[in-house]
Amino acid sequence: MADSENELREKVRELREEFDKLLPDARDLAVLQSLRDRFLGRKSGEVTALMKGLGQVAAEAKRDLGQALNTLKNDMTARLDEARALIETEAQQQVLTRDRVDVTLPGRRPPRGRRHPLTVTREELEDVFIAMGYEVYEGPEVDDDFHCFEALNMPPDHPARDMQDTFYLKGSKDLLLRTHTSTAQIRYMLENAHPPHVRIICPGKVFRRDSDITHSPMFQQIEGLVVGPGITLGHLKGTIEAFVHVLFGAERAVRFRPSYFPYTEPSVEVDLGCAVCFGKGVLPSGEPCRVCKQTGFVEILGSGMMNPAVFEAVNARLGKTVYDPEVVTGFAFGLGIERVAMMRHGIDDIRLFYGDDLRFLEQFRG
Amino acid sequence: MKLPVSWLREYVAVEVEPRKLGEDLTMAGLALEGLESDGKDAVLDLDVTTNRVDAMNVYGLAREVSVIYGLPLKPLDLSFTEKGAPASGAFDVTIEAADLCPRFCGRVLDVRMGPSPAWLRDRLEQMGVRPISNVVDLTNYVMLEMGQPSHAFDLAKVPQGRLSVRWAREGERLATLDGVERALHPRVGVVAGATGPLALAGIMGGASSEVSDDTRTVALEAAYWEPLAIRRAARSLGMHTEASHRFERGADPEGTVVATARIAHLLEKIGAGTTRPGLIDRVAAPKPRRTVSLRPSRVRAVLGIDVPADKTKTILTGLGFGVKAEDAGTLRLEAPTWRSDIAREDDVVEEIGRHYGLDEIPSSLPPAAAVGGLRPTQAEERTIREILVGAGCTEVVNYAFEAPTGGDGVVLANPLAEDQSVLRSSLVPGLLRAYDENARHGRKDLAIFEIGRVFKAGTSRPREERHLGILLAGSERKRHWSGKPRDFDFYDLKGILELLLERLGRGPLEVARAENVPSFLHPGQSAQILRDGKKVGLLGALRLTSRPGGASGGVMTLDLDFGGEPPPRDRFRALPRFPAVERDLSIVVDAGTAAEDVARRIREAGGSALVAVTVMDRYDRPPVPAGKVSLLLSLRYEDRERTLTGEEVQGSLDEVVRKLRAAGFDIRGE
Numbered sequence: 001m002a003d004s005e006n007e008l009r010e011k012v013r014e015l016r017e018e019f020d021k022l023l024p025d026a027r028d029l030a031v032l033q034s035l036r037d038r039f040l041g042r043k044s045g046e047v048t049a050l051m052k053g054l055g056q057v058a059a060e061a062k063r064d065l066g067q068a069l070n071t072l073k074n075d076m077t078a079r080l081d082e083a084r085a086l087i088e089t090e091a092q093q094q095v096l097t098r099d100r101v102d103v104t105l106p107g108r109r110p111p112r113g114r115r116h117p118l119t120v121t122r123e124e125l126e127d128v129f130i131a132m133g134y135e136v137y138e139g140p141e142v143d144d145d146f147h148c149f150e151a152l153n154m155p156p157d158h159p160a161r162d163m164q165d166t167f168y169l170k171g172s173k174d175l176l177l178r179t180h181t182s183t184a185q186i187r188y189m190l191e192n193a194h195p196p197h198v199r200i201i202c203p204g205k206v207f208r209r210d211s212d213i214t215h216s217p218m219f220q221q222i223e224g225l226v227v228g229p230g231i232t233l234g235h236l237k238g239t240i241e242a243f244v245h246v247l248f249g250a251e252r253a254v255r256f257r258p259s260y261f262p263y264t265e266p267s268v269e270v271d272l273g274c275a276v277c278f279g280k281g282v283l284p285s286g287e288p289c290r291v292c293k294q295t296g297f298v299e300i301l302g303s304g305m306m307n308p309a310v311f312e313a314v315n316a317r318l319g320k321t322v323y324d325p326e327v328v329t330g331f332a333f334g335l336g337i338e339r340v341a342m343m344r345h346g347i348d349d350i351r352l353f354y355g356d357d358l359r360f361l362e363q364f365r366g
Numbered sequence: 001m002k003l004p005v006s007w008l009r010e011y012v013a014v015e016v017e018p019r020k021l022g023e024d025l026t027m028a029g030l031a032l033e034g035l036e037s038d039g040k041d042a043v044l045d046l047d048v049t050t051n052r053v054d055a056m057n058v059y060g061l062a063r064e065v066s067v068i069y070g071l072p073l074k075p076l077d078l079s080f081t082e083k084g085a086p087a088s089g090a091f092d093v094t095i096e097a098a099d100l101c102p103r104f105c106g107r108v109l110d111v112r113m114g115p116s117p118a119w120l121r122d123r124l125e126q127m128g129v130r131p132i133s134n135v136v137d138l139t140n141y142v143m144l145e146m147g148q149p150s151h152a153f154d155l156a157k158v159p160q161g162r163l164s165v166r167w168a169r170e171g172e173r174l175a176t177l178d179g180v181e182r183a184l185h186p187r188v189g190v191v192a193g194a195t196g197p198l199a200l201a202g203i204m205g206g207a208s209s210e211v212s213d214d215t216r217t218v219a220l221e222a223a224y225w226e227p228l229a230i231r232r233a234a235r236s237l238g239m240h241t242e243a244s245h246r247f248e249r250g251a252d253p254e255g256t257v258v259a260t261a262r263i264a265h266l267l268e269k270i271g272a273g274t275t276r277p278g279l280i281d282r283v284a285a286p287k288p289r290r291t292v293s294l295r296p297s298r299v300r301a302v303l304g305i306d307v308p309a310d311k312t313k314t315i316l317t318g319l320g321f322g323v324k325a326e327d328a329g330t331l332r333l334e335a336p337t338w339r340s341d342i343a344r345e346d347d348v349v350e351e352i353g354r355h356y357g358l359d360e361i362p363s364s365l366p367p368a369a370a371v372g373g374l375r376p377t378q379a380e381e382r383t384i385r386e387i388l389v390g391a392g393c394t395e396v397v398n399y400a401f402e403a404p405t406g407g408d409g410v411v412l413a414n415p416l417a418e419d420q421s422v423l424r425s426s427l428v429p430g431l432l433r434a435y436d437e438n439a440r441h442g443r444k445d446l447a448i449f450e451i452g453r454v455f456k457a458g459t460s461r462p463r464e465e466r467h468l469g470i471l472l473a474g475s476e477r478k479r480h481w482s483g484k485p486r487d488f489d490f491y492d493l494k495g496i497l498e499l500l501l502e503r504l505g506r507g508p509l510e511v512a513r514a515e516n517v518p519s520f521l522h523p524g525q526s527a528q529i530l531r532d533g534k535k536v537g538l539l540g541a542l543r544l545t546s547r548p549g550g551a552s553g554g555v556m557t558l559d560l561d562f563g564g565e566p567p568p569r570d571r572f573r574a575l576p577r578f579p580a581v582e583r584d585l586s587i588v589v590d591a592g593t594a595a596e597d598v599a600r601r602i603r604e605a606g607g608s609a610l611v612a613v614t615v616m617d618r619y620d621r622p623p624v625p626a627g628k629v630s631l632l633l634s635l636r637y638e639d640r641e642r643t644l645t646g647e648e649v650q651g652s653l654d655e656v657v658r659k660l661r662a663a664g665f666d667i668r669g670e
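Chains as they are written, first to last, in the working numbering: chain S, 1 to 366; chain L, 1 to 670.
Bound-form chain S, shown alone (with noise of 0.2 Å):
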């Protein structure tokens, strides 16, 4: 029996030794296969089939033979499964090395909208009066003479009507397009003729007969008006700092300085610290900066307290003292939304909002 224990043993290691020499020119998955099915298979596997003839071998040598296949079966096992997860590696990588894209090439971009300028600034002007607890109002563009006017203590002929040349409608002596959002004011508190707290802004297109680089035939307003017991001048001045800051921040010095509009009394003009020459009036090269006239400020809006008259106008209209004088008092202000977007943007001509230009409009983000 030892004749056939050596053989055997001879036959484990010569089947090593193929193994190790079949092994390293595997280079694909069938190739490893085959290698499996010869040496490993289940039914024809040449470890197999010694490990069938075990049976054949004394017993004190069996367990010796047994160890030994067994430690090649498990070697082989191994390195099969190596290579193959090699090759499997390598294949991957080479699907990946084939499925790369070129990462600097531009992207597949959505279309992509934008907002007009102004209505960005508009919508963020309405945003900070809203978190003062201001609600927005809206009134028709055509409206009438006592609306725009009378009621606004501009009666005909009075000087201040020529400050606002105006758009009437063919066959009407009395309709017209608004000059301003005051008449806002009127409409407001006339159909809120309840205990008088109002707190309102209205934004909203004007017309005026004009039409330059400064000057458009359509613009945009946002009118605010507060009233109620207590309103006073010092109330004026703080929400007009207050939103003024939010819009272009604090370290832009503020002016209040008197003026005047029929409807308000006493009348304050607001001016902004000049962005141009920082308020100096001056530029850097010690040349006068044009942008200010060298006063170091540009205007930004007018306000001012409710005029009484506005007040009695209002109550005469609705056939009672609703808004009386001696109670309530109230401030309005009323801001170029252009002139805000001009100003935060650098934009030098007011006609390129209503041009409907891509190339001035895509410039924005919108």
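Honestly, the hints are just simulated from the structure, not real lab data.
Just so we're clear, the structure is a prediction, and the values are computed from it rather than from any experiment.
Ideal placement from N, C-alpha and C gives every residue a C-beta, glycine not left out.
Fair warning: there could be bad hints in the mix.
To be verified - Far from chain L, some chain S residues (derived; all Cβ distances over 10 Å):
no., residue
1, Ala49
2, Ala83
3, Phe129
4, Asp324
Unchecked claim - In silico DSSO-like cross-links for lysine-lysine, where the CA-CA straight-line distance does not exceed 30 Å:
no., chain 1, residue 1, chain 2, residue 2
5, L, Lys456, S, Lys205
6, S, Lys11, S, Lys21
7, S, Lys173, L, Lys456
8, L, Lys83, S, Lys280
9, L, Lys311, L, Lys20
10, L, Lys535, L, Lys456
11, L, Lys287, L, Lys313
12, L, Lys494, L, Lys444
13, S, Lys205, L, Lys534
14, S, Lys52, S, Lys11
15, S, Lys205, S, Lys170
16, L, Lys494, L, Lys535
17, S, Lys62, S, Lys73
18, S, Lys205, L, Lys535
19, S, Lys43, S, Lys21
20, S, Lys293, L, Lys40
21, L, Lys494, S, Lys170
22, S, Lys280, L, Lys478
23, L, Lys20, S, Lys293
24, L, Lys2, L, Lys74
25, L, Lys456, L, Lys478
26, S, Lys62, S, Lys52
27, S, Lys173, S, Lys320
28, L, Lys456, S, Lys170
29, L, Lys2, S, Lys293
30, L, Lys20, L, Lys83
31, L, Lys456, L, Lys313
32, L, Lys20, S, Lys280
33, S, Lys43, S, Lys11
34, S, Lys293, S, Lys205
Position chain L relative to chain S; hints supplied.
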């Protein structure tokens, strides 16, 4: 208003340097607009608001400066020696229209015509006024100095030396100093002689009585004119002069006396003549000084601060108010005659505010009174913008006026130009102009929208509707290296509309072929949008011939009235607990058949479990016969109470097929 600092210093000894002076005036409501300096003198250019006619002269500004710095204001020198025969013997005036001329002052001057001295000419030139002759220059000088316009008539050319002040008569004419022959009418005031008008009241003198080198005697006029009378007359004549500008804003009734005396003083001073004894002063309608009460509590209520009583008094006295204390700190004030703008208590509060200093008022926010916010329609408008921007559209804003189209539009009486003479009734023309504008510089791919009002003729006033307009043109997206983009078509535009309505919860809107589409639209690629059977919009492709600028692809436009309140918020529905069943149906129909027509028949026949019918495919090439189209429809069945059986679904499907066949449709398969 120009203000030479040297002139100012004749009345108030202000020493601050000119720019600081300008800034201080600005903070008192007289805004510095410019400053010129030639080394010797500085000239401030001030923006005097239209209500402050009293500050449209050097002396009025000196008064402001005196209050700002607490300096005394020197009075004007009105002294002169009267010489010769009484003025009344040579010159007389009658006011026939008190509603035109409440007061008329006159003087008679014996003059030696010639040029003015250099200092006077220089002053006028500083102010931008051309020197003419000593007499004319003096009237101009005094107007610039203290605000009262005056006029010099050559007395020799005034018939009998008699003037009357009256309204012009129909048919009267007058050649004015500017060389224009003017037709007058009864709403124009005149200063007339026996033979007819010699001057336009408060506006301009006449050529026939103009002073010349030969003039020896001058009838000097300084009148107070009714502001409204002058304003209406000037406007009706299309005139605007230094004089009318001042008179229509309300001059000083007492300025008449002062101006004549000041001219007499200066005439003597420059040695150009003498003044005859006697002031001719006709008062037809006395203008008493206005009185106003001022309560400290009102100052506090408006300005939000207490202004010390002595400070208030100093400011008001300095401005020329007569100040009398009443009880409880209330002041009884007499407004200065030159302040026609002071009519009520708050006008005085403003005076205190601007001279006490707006900077002295501490800022604060008004106490919260209510919760603010956007109204539902305003919030919805923002959402619409978001949706459209997200869908790739860029917002434009166009003028509300456009060229007339021949319809019954809302027309402007005084447009800037003929092509801006009608208020828009649709947003489409503006969008097409935007297309043209961009195409002009080579940009033909665009997706734009506008939200704005359009105007429809109404019974008493025009109706304003909130509209949305969209224009799509050219390529559906930007050119990309990976492939050629496709052109926009009708369904891109309709898809945006569907997305919008779905996002807004606004429906159902019906899109239907329209019988009469406007001629600029392709009749086969346009539709009307209906809400409850009423037309609210129009969408479609532009007709080839009307396509602006040779568009490469199609141009699609939409105009939609989205007025009305937004829908209520969404309600939750329990999730379906039973599976849905989907079945497909392939139908061949005439190419002209509307898919919606087929889908509607299916919905009607399908029973309550059929919850959705969707067009999945549309095919019109072989093997589908010419003139026909094959539609693949997906039918979705669902019952919220139980699982549907195969028989139920099949039963519904059979019924659908039966009905479709009965209607003549060709069913190719289920």
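Status of the hints after comparison with the structure:
At roughly 57 Å, the least C-beta separation between Ala49 of chain S and chain L is larger than 10 Å, which holds for a residue marked as non-interface. For Ala83 of chain S, the shortest C-beta to C-beta distance to chain L comes to about 40 Å, beyond the 10 Å cut-off, and the non-interface label holds. Separation of Phe129 of chain S from chain L is inadequate, the least Cβ-Cβ distance of about 7 Å not exceeding the 10 Å criterion. A cut-off of 10 Å between C-beta atoms confirms that Asp324 of chain S is not in contact with chain L; the least separation is 12 Å.
With a CA separation close to 17 Å, the supplied pair Lys456 of chain L and Lys205 of chain S stays within the 30 Å bound. With a C-alpha separation of about 15 Å, the suggested pair Lys11 of chain S and Lys21 of chain S falls inside the 30 Å cut-off, and the hint holds. At most 30 Å may separate the alpha-carbon atoms for a hinted pair to count; Lys173 of chain S and Lys456 of chain L meet this at roughly 19 Å. Note on Lys83 of chain L and Lys280 of chain S: the hinted pairing is violated, with a Cα-Cα distance of about 57 Å set against a maximum of 30 Å.
Distance hint between Lys311 of chain L and Lys20 of chain L is fulfilled; the C-alpha atoms sit about 23 Å from each other, no more than 30 Å. Proximity of Lys535 of chain L to Lys456 of chain L is assessed by CA-CA distance (about 14 Å); at most 30 Å being required, the pair is judged to hold. Between the alpha carbons of Lys287 of chain L and Lys313 of chain L the distance comes to roughly 25 Å, so the proposed pair stays at or under 30 Å and holds. Simply put, Lys494 of chain L and Lys444 of chain L have alpha-carbon atoms about 20 Å apart, close enough for the 30 Å limit, and the pair holds.
A hinted pair counts as satisfied when its Cα atoms are at most 30 Å apart, and Lys205 of chain S with Lys534 of chain L qualifies at roughly 29 Å. Simply put, Lys52 of chain S and Lys11 of chain S have alpha-carbon atoms about 14 Å apart, close enough for the 30 Å limit, and the pair holds. Under the criterion of a C-alpha separation no larger than 30 Å, the hint pairing Lys205 of chain S with Lys170 of chain S is consistent with the structure, at around 20 Å. A distance of roughly 16 Å separates the Cα atoms of Lys494 of chain L and Lys535 of chain L; the hinted pair therefore holds under the 30 Å criterion.
Annotation: proposed proximity of Lys62 of chain S to Lys73 of chain S holds, straight-line Cα distance about 16 Å (limit 30 Å). For the hint pairing Lys205 of chain S with Lys535 of chain L, the CA-to-CA distance comes to about 27 Å; that is within 30 Å, so the pair holds. With a C-alpha separation of about 23 Å, the suggested pairing of Lys43 of chain S with Lys21 of chain S holds against the 30 Å cut-off. As the CA atoms of Lys293 of chain S and Lys40 of chain L are separated by approximately 22 Å, the hinted pair is consistent with the 30 Å bound.
At roughly 38 Å between alpha-carbon atoms, Lys494 of chain L and Lys170 of chain S are farther apart than 30 Å, so this suggested pair is violated. Distance hint between Lys280 of chain S and Lys478 of chain L is unfulfilled; the C-alpha atoms sit about 47 Å from each other, more than 30 Å. Proposed proximity of Lys20 of chain L and Lys293 of chain S is supported: the alpha carbons are some 15 Å apart, at most 30 Å. Between Lys2 of chain L and Lys74 of chain L, the direct Cα distance comes to roughly 20 Å. Compliance with the 30 Å bound is thereby established for this hinted pair.
Taking the CA atoms of Lys456 of chain L and Lys478 of chain L, the gap is about 38 Å. The hint is violated against a cut of 30 Å. In summary, the hint linking Lys62 of chain S to Lys52 of chain S is supported, as the alpha carbons are separated by about 12 Å, within the 30 Å threshold. This hinted pair checks out: Lys173 of chain S and Lys320 of chain S have alpha carbons roughly 28 Å apart, not beyond 30 Å. Proximity of Lys456 of chain L to Lys170 of chain S is assessed by CA-CA distance (about 14 Å); at most 30 Å being required, the pair is judged to hold.
As the CA atoms of Lys2 of chain L and Lys293 of chain S are separated by approximately 16 Å, the hinted pair is consistent with the 30 Å bound. A threshold of 30 Å between alpha carbons decides the hint, and for Lys20 of chain L with Lys83 of chain L the separation of about 46 Å lies outside it, so the pair is violated. Taking the CA atoms of Lys456 of chain L and Lys313 of chain L, the gap is about 58 Å. The hint is violated against a cut of 30 Å. Our distance criterion of 30 Å between C-alpha atoms is met by Lys20 of chain L and Lys280 of chain S, whose separation comes to about 13 Å.
A distance of roughly 18 Å separates the Cα atoms of Lys43 of chain S and Lys11 of chain S; the hinted pair therefore holds under the 30 Å criterion. At roughly 29 Å between alpha-carbon atoms, Lys293 of chain S and Lys205 of chain S fall within 30 Å of each other, so this suggested pair holds.
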